[in-house]
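Sequences and hints are given; from them, build the entire structure.
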Amino acid sequence: MKNKYLKILSRTFSNSISEFFMYRADFFFRIFMGLLWSTTSLVIVELIFYHTPSLDGWSQSDILLLYITLNLAFVVQDVLTNSIFELSSHIAEGRFDFIIIKPIDSQFFAMFNRPDPGALLFFFTYNIPLIYGLYLHSDSPIHWLYFPLYILLILASNILWMLMRTIIMTLNFWWQRLDNIGQILNSMQEIGRYPISIYPRPLKIIFYTIFPIAFSGVVPAEVLRGNISWVSLIGMFIVLCILSLFSRFLWKKAIRNYTSASS
Amino acid sequence: MGKYLAEFKFNIQASFAYRGVIILWIIVTFLQVAVLPFVWLSVYGTQDSIVGFSKSMMITYFVLIPCIDVLVQSWADFEIKDDIKEGRLNTFLIKPINYLLRVFWVENGWKVSRPFIVILIVLLLYPFIHTYFQLSLHARLVWILPAIIASRFLNFLISSIIGMAAFWTVRSNWALQIWWALQTLAAGYVAPLSFYPPNIQKIISYTPFPMLLQTPINIILDNISTEQIVRQLLLASLWIIILLIISNFLWKKGVRKTEGIGM
Chain A
1 MKNKYLKILS RTFSNSISEF FMYRADFFFR IFMGLLWSTT SLVIVELIFY
51 HTPSLDGWSQ SDILLLYITL NLAFVVQDVL TNSIFELSSH IAEGRFDFII
101 IKPIDSQFFA MFNRPDPGAL LFFFTYNIPL IYGLYLHSDS PIHWLYFPLY
151 ILLILASNIL WMLMRTIIMT LNFWWQRLDN IGQILNSMQE IGRYPISIYP
201 RPLKIIFYTI FPIAFSGVVP AEVLRGNISW VSLIGMFIVL CILSLFSRFL
251 WKKAIRNYTS ASS
Chain B
1 MGKYLAEFKF NIQASFAYRG VIILWIIVTF LQVAVLPFVW LSVYGTQDSI
51 VGFSKSMMIT YFVLIPCIDV LVQSWADFEI KDDIKEGRLN TFLIKPINYL
101 LRVFWVENGW KVSRPFIVIL IVLLLYPFIH TYFQLSLHAR LVWILPAIIA
151 SRFLNFLISS IIGMAAFWTV RSNWALQIWW ALQTLAAGYV APLSFYPPNI
201 QKIISYTPFP MLLQTPINII LDNISTEQIV RQLLLASLWI IILLIISNFL
251 WKKGVRKTEG IGM
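Residue numbers (the numbering used here), protein chains in the order written: chain A, 1 to 263; chain B, 1 to 263.
Hint data in this document are derived by calculation from the structure and do not stem from the laboratory. Hints are not guaranteed to be accurate.
[To be verified] Pairwise CB distance ranges, derived in the manner of DEER restraints:
no. : chain 1 : residue 1 : chain 2 : residue 2 : range
1   : A       : 100       : B       : 180       : 35 to 43 Å
2   : B       : 136       : A       : 255       : 24 to 32 Å
3   : B       : 206       : A       : 246       : 48 to 56 Å
4   : B       : 139       : A       : 136       : 33 to 41 Å
5   : B       : 241       : A       : 8         : 31 to 39 Å
6   : A       : 167       : B       : 180       : 21 to 29 Å
[Claimed, not checked] Incomplete in silico selection of chain B near chain A, CB under 10 Å:
no. : residue
7   : 36
8   : 38
9   : 39
10  : 40
11  : 47
12  : 90
13  : 123
14  : 127
15  : 178
16  : 180
17  : 191
Glycine included, every Cβ here is placed at the ideal spot set by N, Cα and C.
Encoded structure:
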């Protein structure tokens, strides 16, 4: 059983790699995009720190670390679960029928049927200038001792966002034409680029619960800054459990209510 | 003109038809508006003002961004790019209408519902920002209408020129990405332009960017002299003429080149 899913995952991934190399222009486009947005991010951070030496106790290098951490928290899901964004058009145009009739878990297939290896290229070209910026502004020590825990939290963050992405996209079963629903994730990513402590209390609660962006950026970055909060780590584990159960529950409910657009 | 008004009316109705899209738009805008005011409040710390911008002005500035943006922003690039790539453009070319004028009025139709949503978002944010929110009636407000009209034309012309890149290249997303990055940095979405170093401000002042967002907001905030407003409007008029010439030239060249994919 497990083998079947791993086999499908490896087959879809190798297909996507072949597809990616078919379009050479795409290769250069991703590099260009990565460098463009990396430059934009560096200019924004420079502009903020042009007017202050610290942002609520976070130095310029801490903020760059936060940017990089958040990118790491999204990379695995950007590569693996890109196909979930096609769910809206699949449902609206009746193509979801071809997913639901396959002898495989429909949620798994909707999430992993078309990985995007090009996202890795974007990831590297986006982050290398940020890492260089971090090196140039190394004004706060990084606690490398906690690096294994940091990596563990990054993996957990990726799962968390994979689930959030699925939950949000599942809403397409009830509401039509939510083509730009992925924008919510982009906006949340924007919020996570800055310390959660700068937001008012009600927003902080939202960012730790309903839109748990805090667990993907601030919590892992704090670990590398040497500030481990066990409450946050336990909170992340609880949020992850709740989201796993809720994502599955919502998907099953959506599938039960699904009516084909083509028949 | 009647046929464009018919498109305008039809798209007003369409914009209210998809409730899911409206809810999504509220959430996305709320999340977007929630970030930068708090980042800058944190930058201010105990300072009352930075480069002549008080805390109140800064927060009001960020609240006004979605209010102005919703009226002037253009997504014509998407519409034009998709129409060219998917062959829908051909169906418009054989009709007795000006395609670009049609896109302009379709977009205006969608804009009618948006101010209501923005007002709702401002009301949602009000409890968090009311201590800093500050607006007043003043004589220079008479300039707001010409400023918004100029900004709307500039946004539409630039956006439609970018969309026309699809005549020459299958992957025209690079043009969009460059435009978004430039707009993010140079139009005042990250911070008022007076927060940039003086030499960068000087370069930006000769471009259409200040007029896209910053000038209408500065008029509302009464943070700009009448001479500066007149200078900005004259510069915007010059840019509109230049962009109209470029747009007409590209349109004629592009239509001659288009192969009618999808027919």
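Requested in this report: Output the numbers, in ascending order, of every earlier hint that fails for this structure.
Outcome: 2, 4, 5, 12, 13
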